[in-house]
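Peer 1: Quick mapping for you: the protein sequence lines, in order, are chains A and B. Reminder that position 150 of the first sequence reads as 150 in full-length UniProt numbering, one-by-one numbering, no gaps. Reminder that position 197 of the second sequence reads as 197 in full-length UniProt numbering, one-by-one numbering, no gaps.
Think of the hints as simulated: they come from the structure by calculation, not from any bench. Take the hints with a grain of salt, since some may be wrong.
Any copy will do: because identical chains look the same in the list, a pair fits if it lies in one copy or spans two.
[What the hints assert, rightly or not] Cut-off 30 Å, straight-line C-alpha distance, at most; resulting in silico cross-link-like pairs (DSS-like, lysine-lysine):
#1 182 to 117
#2 345 to 40
#3 25 to 117
#4 25 to 239
#5 169 to 40
#6 345 to 117
Number of protein chains: 2
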Amino acid sequence: MKISANQTKNSLFQKIEQVRHRQGKVRDSHITLAHGSGGKAMRDLIDDIFVSNFDNPILSQLEDQASLNLASLMQQGDRLALTTDSYVVDPLFFPSSDIGELAINGTVNDLAVSGAKPLYLTCSVILEEGLPVETLRRVAASMKKAALKAGIKIVTGDTKVVHRGAADKLFINTAGVGVIPKEVNISAHNIQPGDLVIINGELGNHGAAILIARGELALETNIESDCQPLHDLVETILKVCPDIHAMRDATRGGLATVLNEFALSSQVGIRINEESIPVREEVKGVCEILGLDPLYLANEGKLVVVVGQENAENVLSAMKSHPSGKNACIIGEVIPSPPGIVLLKTAFNAERIVDMLVGEQLPRIC
Amino acid sequence: MKISANQTKNSLFQKIEQVRHRQGKVRDSHITLAHGSGGKAMRDLIDDIFVSNFDNPILSQLEDQASLNLASLMQQGDRLALTTDSYVVDPLFFPSSDIGELAINGTVNDLAVSGAKPLYLTCSVILEEGLPVETLRRVAASMKKAALKAGIKIVTGDTKVVHRGAADKLFINTAGVGVIPKEVNISAHNIQPGDLVIINGELGNHGAAILIARGELALETNIESDCQPLHDLVETILKVCPDIHAMRDATRGGLATVLNEFALSSQVGIRINEESIPVREEVKGVCEILGLDPLYLANEGKLVVVVGQENAENVLSAMKSHPSGKNACIIGEVIPSPPGIVLLKTAFNAERIVDMLVGEQLPRIC
Numbered sequence: 001m002k003i004s005a006n007q008t009k010n011s012l013f014q015k016i017e018q019v020r021h022r023q024g025k026v027r028d029s030h031i032t033l034a035h036g037s038g039g040k041a042m043r044d045l046i047d048d049i050f051v052s053n054f055d056n057p058i059l060s061q062l063e064d065q066a067s068l069n070l071a072s073l074m075q076q077g078d079r080l081a082l083t084t085d086s087y088v089v090d091p092l093f094f095p096s097s098d099i100g101e102l103a104i105n106g107t108v109n110d111l112a113v114s115g116a117k118p119l120y121l122t123c124s125v126i127l128e129e130g131l132p133v134e135t136l137r138r139v140a141a142s143m144k145k146a147a148l149k150a151g152i153k154i155v156t157g158d159t160k161v162v163h164r165g166a167a168d169k170l171f172i173n174t175a176g177v178g179v180i181p182k183e184v185n186i187s188a189h190n191i192q193p194g195d196l197v198i199i200n201g202e203l204g205n206h207g208a209a210i211l212i213a214r215g216e217l218a219l220e221t222n223i224e225s226d227c228q229p230l231h232d233l234v235e236t237i238l239k240v241c242p243d244i245h246a247m248r249d250a251t252r253g254g255l256a257t258v259l260n261e262f263a264l265s266s267q268v269g270i271r272i273n274e275e276s277i278p279v280r281e282e283v284k285g286v287c288e289i290l291g292l293d294p295l296y297l298a299n300e301g302k303l304v305v306v307v308g309q310e311n312a313e314n315v316l317s318a319m320k321s322h323p324s325g326k327n328a329c330i331i332g333e334v335i336p337s338p339p340g341i342v343l344l345k346t347a348f349n350a351e352r353i354v355d356m357l358v359g360e361q362l363p364r365i366c
Numbered sequence: 001m002k003i004s005a006n007q008t009k010n011s012l013f014q015k016i017e018q019v020r021h022r023q024g025k026v027r028d029s030h031i032t033l034a035h036g037s038g039g040k041a042m043r044d045l046i047d048d049i050f051v052s053n054f055d056n057p058i059l060s061q062l063e064d065q066a067s068l069n070l071a072s073l074m075q076q077g078d079r080l081a082l083t084t085d086s087y088v089v090d091p092l093f094f095p096s097s098d099i100g101e102l103a104i105n106g107t108v109n110d111l112a113v114s115g116a117k118p119l120y121l122t123c124s125v126i127l128e129e130g131l132p133v134e135t136l137r138r139v140a141a142s143m144k145k146a147a148l149k150a151g152i153k154i155v156t157g158d159t160k161v162v163h164r165g166a167a168d169k170l171f172i173n174t175a176g177v178g179v180i181p182k183e184v185n186i187s188a189h190n191i192q193p194g195d196l197v198i199i200n201g202e203l204g205n206h207g208a209a210i211l212i213a214r215g216e217l218a219l220e221t222n223i224e225s226d227c228q229p230l231h232d233l234v235e236t237i238l239k240v241c242p243d244i245h246a247m248r249d250a251t252r253g254g255l256a257t258v259l260n261e262f263a264l265s266s267q268v269g270i271r272i273n274e275e276s277i278p279v280r281e282e283v284k285g286v287c288e289i290l291g292l293d294p295l296y297l298a299n300e301g302k303l304v305v306v307v308g309q310e311n312a313e314n315v316l317s318a319m320k321s322h323p324s325g326k327n328a329c330i331i332g333e334v335i336p337s338p339p340g341i342v343l344l345k346t347a348f349n350a351e352r353i354v355d356m357l358v359g360e361q362l363p364r365i366c
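Only chain A is shown next, with the shape it has when bound in the complex (with noise of 0.2 Å):
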């Protein structure tokens, strides 16, 4: 690289030509620490495989910060939702889906069940030395292919590489900014006693197929991960009724987390009835064999709604007339009390009461 002081003005000039030529490609077969290194490696895989694939005028302007114009966000809404989620599933494809496509609707759905408009994500990835270079193409297209499908651009990212051994192939994070329109307020804490729960279908697809596609058990199923975008469901939700209290997307920690989440929040008891629960016969069996509970199995595209009973039917239909909602149900209603407490109605007319998950089902789940 040096040229030292007695070398001719030519030179100098022939090696300017050379630095010219960058590709703007990446070569290697596999990352490098060079990948990460800011350089000129780096700069070529920012280009060729993030830039290429979530093509925006935003994010090519390869700044340090996107910059938003904030008068066109204000047309859309009084509030700016942000959100962050790191994704570390293991294994990186599964049935349907991959790590990819789940890092983008995953922060999507934290978006969109606070009824904003998602518009933006950062996009941040830990590449261990040694990741096909194909495996990260792979995924950046699933990325852009779940980006296009949720209407949200991509403007901002990071690189980093680590050692071999340091990290598990692949993380990423993706942090999500959305608008939320003015005339609504849907929180944790507005849940009311009479209030009604509602999903929009079957729970525990995603964990059971996570578990199935480890190969860790000699089972084989047709269990598929419901990974998708909840933005336009939740969208066809508010326009029949705006006056949503609590909405959330059951993933890590299933169905009973989020219900508990609720029932603390707003200090009030929740009693979900277990016959009107929907779990695939398939995903039951897994459970089953594994003493797992598919109240507490991750989801990727489970909607909870809780609504006033006024207004139940109202947001019942027009969920199922969604494709994403099809299967809509009201699996319970919000109790008085005990404050802070789920409750279980069992087949059997009993009641248990569902805590929060204690130890952990299935790590790496999301």
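Starting from the structure of chain A, add chain B where the hints point.
Peer 2: Positioned in the frame of chain A, the structure of chain B alone reads:
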């Protein structure tokens, strides 16, 4: 957890009393997979370590997203700045700083260099099973302190735990939101021939400090990381001159990388003078021993400012008046040709090309 149908109501209520005695405290000495479960252990960890340290009314809502008033954002400017970085620095603690402070200042600085006032952060952690809880407490306390200093609020977050060996101790992602004042228009694309390049102080301290902290060299020095927030220095600069052309903090890849990015984005040449670039003698020594170039060494508190010649003296004296800029100096100038190329005028009056970093000098520097 299960209560069979023939148990009395009485025992159900006893159970309720037990469930209610949630501590909101972490009692384990080390991180377990349960701390990433979405369940009770995770909630206790979040309450005890994150919510208590980052204490603010938005975060303590514990919704899946923070909700920020758009009208009050608009009072501060016309554009939202959005940025993200993952921090994987090794070791977690190093002379005068740590990964927690770095995760705040790094993202604060990526906002600040756009001219934005940094306002809100997200915080997402990936923890390795077995990490001492005390380590996480130290890091969170450090984040709290840095966030206070930078005047920024951590308003939402995420916690994931992976198996022992699937990550190295602790990774942090922060995404940041700030607001850019109306009159400010800073971009790597705005640079013009004749502009001058100013830096706020000595190069390479962070990179050298990390290198020494790894203990692989039998060197004893008093080199400390320069990790610091730059928002206040930037504000001081913008007060005397809103018309800054380009500004970036020289982190991973060092000064050389930032200047190459500038030269490429604006299609100009940049010529810097080796003799005017401030580098501590100890850092020069470390570089000589290891064959490193201080131009590529990482910093975490160094601002590169490109400004029209007519404003340079003004900006320089404003920088010198600020504690984070007292060693500020002009290090080079922008030239029309060769476009996209950075040249270094050496002490011997020769010229060499300062290319983008090829390969990797020092992995996991930030």
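Peer 1: All hints, please: hold or fail.
Peer 2: Each hint, compared with the structure:
1. Taking the shortest alpha-carbon separations for residue 182 and residue 117, both the intra-copy value of 12 Å and the inter-copy value of 25 Å come in at or below 30 Å.
2. In this assembly of identical chains, the alpha carbons of residue 345 and residue 40 lie at most 30 Å apart only when taken from different copies (22 Å versus 61 Å within one copy).
3. Taking the shortest alpha-carbon separations for residue 25 and residue 117, neither the intra-copy value of 34 Å nor the inter-copy value of 35 Å comes in at or below 30 Å.
4. Within a single copy, residue 25 and residue 239 get their C-alpha atoms no closer than 46 Å, and across copies no closer than 41 Å, so neither meets the 30 Å cut-off.
5. Taking identical chains as interchangeable, the C-alpha atoms of residue 169 and residue 40 lie at most 30 Å apart whether they share a chain (22 Å) or sit on different chains (28 Å).
6. For the identical chains of this complex, residue 345 and residue 117 are neighbours neither inside a copy (36 Å) nor across copies (52 Å), given an alpha-carbon limit of 30 Å.
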